[in-house]
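Visitor: Here the sequence shown is numbered in the working numbering, starting from 404 and rising by one per residue.
Everything labelled a hint here was simulated from the structure, so no lab data went into it. Be aware that one or more of the hints could be misleading.
Unchecked claim - With beta-carbon atoms standing in for the labels, derived distance ranges:
#1 P449 with L538: 33 to 41 angstroms
#2 E442 with R500: 40 to 48 angstroms
#3 D440 with S513: 23 to 31 angstroms
#4 R446 with L536: 48 to 56 angstroms
#5 E505 with L538: 18 to 26 angstroms
#6 Q432 with V534: 15 to 23 angstroms
#7 E442 with P555: 48 to 56 angstroms
#8 I469 with H444: 36 to 44 angstroms
Glycine included, every Cβ here is placed at the ideal spot set by N, Cα and C.
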Amino acid sequence: VCSSDLGRAYVRIGFIPSTTARVTRAACQFLRGQSHDVEFHWRDAPSTTLLSEVSSGQLDVAIAVITERLVFFQSGSIGTLGEPARALFSPGAQAYRVSHSETVYGMVLSGLALGLMPLMYTSTALDPALVALPLKKPRIERQVALVFRPGPQRNVVVQNLIIYFQNHLGDE
């Protein structure tokens with residue numbers, strides 16, 4: 404439903420919980436400049452759910468974390484790294500688990516994933532395109548992105564909100 408018979412515009416906004424204050428503050432500021440009667444429908448969920456719901460049209464716009472996929476080498480000491488590393492490096496994303504170092508190399512070379520494995524296993528990487536870097540005091544970051552479907556939006560208010568978010572959410 405784009406809007407009701409009374410002219411009210413509905414906007415379906417999804418966000419990861421850690422962005423709640425920024426998103427709702429920006430949306431309220433956006434409302435102050437609107438002449439339309441606008442009703443927001445809020446959805447907080449993990450990024451994977453939000454991305455799926457934007458893609459399927461259930462949400463108009465979402466603020467979600469974009470993560471890299473990881474491939475874990477399951478041999479050696481990597482078992483002690485396991486889930487804590489997955490939680491740090493790919494929250495909400497699927498991590499591939501493989502048994503052979505060559506599989507890790509292939510997945511990395513294809514661009515499918517970043518590889519995580521003990522350094523001693525990287526000596527067999529013969530491809531010069533592969534680079535092995537030690538993790539020393541890694542700084543964990545995440546890329547939070549404004550996500551929406553390309554092309555025309557359901558209503559002009561959704562389009563204007565997307566433009567507003569593009570211009571204002573990154574300022575804080």
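Visitor: Decide, hint by hint, whether the structure agrees.
Guide: Here's how the hints hold up against the structure:
no. : hint                               : in the structure
1   : P449 with L538: 33 to 41 angstroms : violated (25 angstroms)
2   : E442 with R500: 40 to 48 angstroms : holds (44 angstroms)
3   : D440 with S513: 23 to 31 angstroms : violated (50 angstroms)
4   : R446 with L536: 48 to 56 angstroms : violated (38 angstroms)
5   : E505 with L538: 18 to 26 angstroms : holds (21 angstroms)
6   : Q432 with V534: 15 to 23 angstroms : violated (44 angstroms)
7   : E442 with P555: 48 to 56 angstroms : violated (20 angstroms)
8   : I469 with H444: 36 to 44 angstroms : violated (23 angstroms)
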